[in-house]
Amino acid sequence: MDLYGKDLICTQEWSMDELWAVLDLAAKMKRDRFSPRWRNILQGRTFLMFFYNPSVRTRISFETAATELGGHAQFLEPRAMRLKTEKTAGETVEDAAKVMSRYAAGLGIRILEDKIPRYGAGDELIREYARWADIPVINMADDKFHPCQGLADVMGWMEWLGKGVGKPLDPEAIRGKKLLITWGHGALARSWCSVQEALLIGSRFGMHVTLAYPEGYDLDPEVIEQVKANCEANGTTFEIVHDPVSGYEGAHVVYSRHWMSPQAYRDGVFHKEEEIEKAMRYPEWICDEEKMARTANAIFTHPMPVDRGHEATDAVASGPRSCIYDVAENRLHVQKAIMALTMGNL
Amino acid sequence: MDLYGKDLICTQEWSMDELWAVLDLAAKMKRDRFSPRWRNILQGRTFLMFFYNPSVRTRISFETAATELGGHAQFLEPRAMRLKTEKTAGETVEDAAKVMSRYAAGLGIRILEDKIPRYGAGDELIREYARWADIPVINMADDKFHPCQGLADVMGWMEWLGKGVGKPLDPEAIRGKKLLITWGHGALARSWCSVQEALLIGSRFGMHVTLAYPEGYDLDPEVIEQVKANCEANGTTFEIVHDPVSGYEGAHVVYSRHWMSPQAYRDGVFHKEEEIEKAMRYPEWICDEEKMARTANAIFTHPMPVDRGHEATDAVASGPRSCIYDVAENRLHVQKAIMALTMGNL
Amino acid sequence: MDLYGKDLICTQEWSMDELWAVLDLAAKMKRDRFSPRWRNILQGRTFLMFFYNPSVRTRISFETAATELGGHAQFLEPRAMRLKTEKTAGETVEDAAKVMSRYAAGLGIRILEDKIPRYGAGDELIREYARWADIPVINMADDKFHPCQGLADVMGWMEWLGKGVGKPLDPEAIRGKKLLITWGHGALARSWCSVQEALLIGSRFGMHVTLAYPEGYDLDPEVIEQVKANCEANGTTFEIVHDPVSGYEGAHVVYSRHWMSPQAYRDGVFHKEEEIEKAMRYPEWICDEEKMARTANAIFTHPMPVDRGHEATDAVASGPRSCIYDVAENRLHVQKAIMALTMGNL
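Protein chains in written order, with my numbering: chain S, 1 to 346; chain R, 1001 to 1346; chain L, 2001 to 2346.
The reader is advised that the hints may include incorrect statements.
Going by beta-carbon spacing under 7 Å, a handful of chain R positions derived as facing chain L [unchecked claim]:
1) Asp1032
2) Ser1035
3) Asn1040
4) Ile1060
5) Glu1063
6) Ala1187
7) Val1223
8) Pro1305
9) Arg1321
10) Cys1323
11) Ala1328
12) Glu1329
Please keep in mind that the hints were generated in silico from the structure rather than gathered at the bench.
Yeah, the Cβ is synthetic: ideal placement off N, Cα and C, and Gly gets one too.
Model the full assembly from the supplied sequences, consistent with the hints where possible.
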């Protein structure tokens, strides 16, 4: 297996062996974070980070990852780029990507719903960069997928349900376990990318999947079809429920997060305030201790930032079974591993 | 003494031995700036800089300091962070600080008056981060204190009144000397942090202190009480005068700087234009050669940027007894020393 | 020859030997990009980049250059600086430049037409910084000149007309060849800096120069006088034509780019929309295959970003004789060489 030069846009597009290579290296890097083994992997190399949408956590974790590999990540906000659009003169993605390939070892892109006219357009833009770039393109979250978050999620779950945090990872620790991904109410009108990626990677690693949300909050039908196919291939179950409680029964991993409805985009506009107003009508959709008591001593997971009091109570988010800080830390380790493998010739 | 992991929010909270350890190391680092001894102290390590208020000088000096220690400082503007407030959903400081502690070796924060609803709120926010962070939190200037500036100030004074710039530091060079901190008129409505920190650290190092300002420009009464206590403990004098001339008599160090009045904050609003208009009514409050002639051949000091023509004349600010560029340079050296000691396990 | 500490504001101000030293080193660095020979030239050193005007390409290429030399470039937007102006209080350029000289190994500045009240004011500001700074000041593009682009241009032309890309450079490859610099229509109201620098450096390296543009699009008369003088000194020809076709006859290098008219600035205002509207009236001013067929198998060059469909057709810009990506890459190599020679004591 040789991952050098490979793009990472969605985990579904990588083989299980390739995903495992990332997780295995991430676990080694976590155990021995500042080892001389990793210190010069990207020595003198540049990783470009294009933030169409700002994100403090994603930016810190990627920039720290590059630093720990001996390289340097540049934080770029493309508002400063004059890209060609249907309405305005400017540079084509082809030209931008080809020039960047001359300077950098890799390119990360983040683009979410409020910077695009319709669902899917962010993912398409990343693929357009990947088409022309000679260097690996890493999806740092788009409107559909968030592969680095998905890898950090399963790494955390394997640690908590397996040998412990920082210990060797065992994929068997989550195989056959029940993953509940449940909608939470909230005031942030969030993207689908994190939950869709978690559904995909969880089902591929052999978890039973329950998806819970109020009527009217369907996710991308194509992604759901893929999750079903993953479950079928693994002989596991997939179900969708529309009440806030039943999905918790017997769950091993509980993932409670708000997401916007499919009506959020209409006529090329992102109706953020309307989404928030609508979502706040479902206060019973919160992960609390009472619901957690129905699980098989489940861990609570979340890609952060947690909207406390809406998506989960403080008692759960800060409770003894919350793995949120470990998952957040894992973003660093999986991203180091991805960069080392795709850009570092490791 | 082991400073590893220690926060620095105000110099008053560090012992004299601890402050001296910083100054002593800073002087060594200044003499041998690019020595291999310091080059890898923060190798692969990340220092996060949160600039609620932008500042070119503070940013350059901290980022340069991290680079010279082999690490990397990330420049972050928290407008991109969705922090929870009384009015808006978002992440708690607890969650933000705990996650950052997983990624970084240290966290610097700068927050001044125009980003907060009342005096003191900036310092409180830094202390809230420090409460939850497992990594050292460094105050890069808040509405009350500016410890790195205070350390750079006394380092410069010791050089100029002692063995010379870049030479070994001698705390006796300033002990028993007279420090005049005088208000200057001006058009910038400046924070109290630099002058309050200078009052605190100057008095702790055994200087006689004279504070001069027009009626109506009182500083924080709690800080003034602490300065008086420092003077009492050292057997030195502390006085406040309200005329622009008399304080210069016999002074060894003259520090002329504008600061806003206690009326600058009312009803959660920072009345900047009103402050500027009021301050410009006192043109006699300027440090000029005539006033400097009354001193004991005093040096002129200022944390920069100097508002020339208001706080001091060009003849003084660019004169042979101006130590302003050396003090500015010392920001770099003291910050390298602070980072090495609190984050670098030195 | 010792370039340590030297400013680079326009290539015209450097001797041919000095320019050749840059190009020769750039070619070596290109051949062996991550050699240990260059890796530590700026170890622990800081290069400050002041972007009055943002630019993704210039920022990436300079920041990457610093990283590849082992140093660090800080991306600064001076809106955060409180500089003194005729109307506002703030810091003088003298104070800013003197303090930066204490922290950094070099200072790059970019300032274009929309940040200044009149043509020439950007170049003057850079020279004001250079006057007070003790460290080398590098022009990263101002309203008059763009020396790094000019060096990257001739490096690319020498590669394509000489021994090939990445091969040893031969200045004889362009001597006596015909350079056509032609105006293109377009919707971006572009600065004069790149074309003026190309005229200057092309003529100094012994090229025959043809400048083509519609009546009303004169460039800076002082620059044109200098270009004529360069041609005279080299015994080459210089001509200006006002039709979009004739200049192509026998050309070896074709440089098609839009630039604004001398009327763009009036009354301290940059009339951008008016310029664009006017420029779009000349659709025949485009570099296409038909015109290129009149040349002596010329290469197509452009400093990028290309305004495709206005300045050049896709067939030309992406054609087999387009050297645009190689020229863009050369920005990195010449900037590494400039930094190594002026800041790195090489």
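Going through the hints against the structure:
1. Interface restraint check for R:Asp1032: the shortest CB-CB distance to chain L comes to about 12 Å, outside 7 Å, so the restraint is violated.
2. Interface hint at R:Ser1035: violated, since its Cβ lies 10 Å from the closest Cβ of chain L, which is beyond the 7 Å cut-off.
3. With a cut of 7 Å, the hint placing R:Asn1040 at the interface with chain L is violated, because the nearest CB-to-CB distance is about 10 Å.
4. At about 5 Å, the closest approach between the beta carbon of R:Ile1060 and any beta carbon in chain L falls short of 7 Å, and the interface hint on this residue holds.
5. For R:Glu1063, the interface hint holds, since its Cβ comes within 7 Å of a Cβ in chain L; the closest pair sits about 5 Å apart.
6. Checking R:Ala1187 against chain L by beta carbon gives a least distance of about 4 Å; that is within 7 Å, so the hint holds.
7. Checking R:Val1223 against chain L: minimum C-beta separation of about 25 Å lies over 7 Å; hint violated.
8. For the restraint placing R:Pro1305 at the interface with chain L, the shortest Cβ-Cβ distance is roughly 3 Å, inside the 7 Å limit, so the hint holds.
9. The interface hint given for R:Arg1321 is broken, as the beta carbon of that residue sits about 16 Å from the closest beta carbon of chain L, more than 7 Å.
10. A distance limit of 7 Å between C-beta atoms decides the matter here; for R:Cys1323 the minimum to chain L is near 12 Å, and the interface restraint is violated.
11. Interface restraint check: R:Ala1328 against chain L, minimum CB-CB distance 5 Å, threshold 7 Å, status holds.
12. The beta carbon of R:Glu1329 is positioned within 7 Å of a beta carbon in chain L (closest approach about 4 Å), and the interface hint is therefore held.
When the structure is compared with the earlier hints, violations turn up for hints 1, 2, 3, 7, 9 and 10 and for no others.
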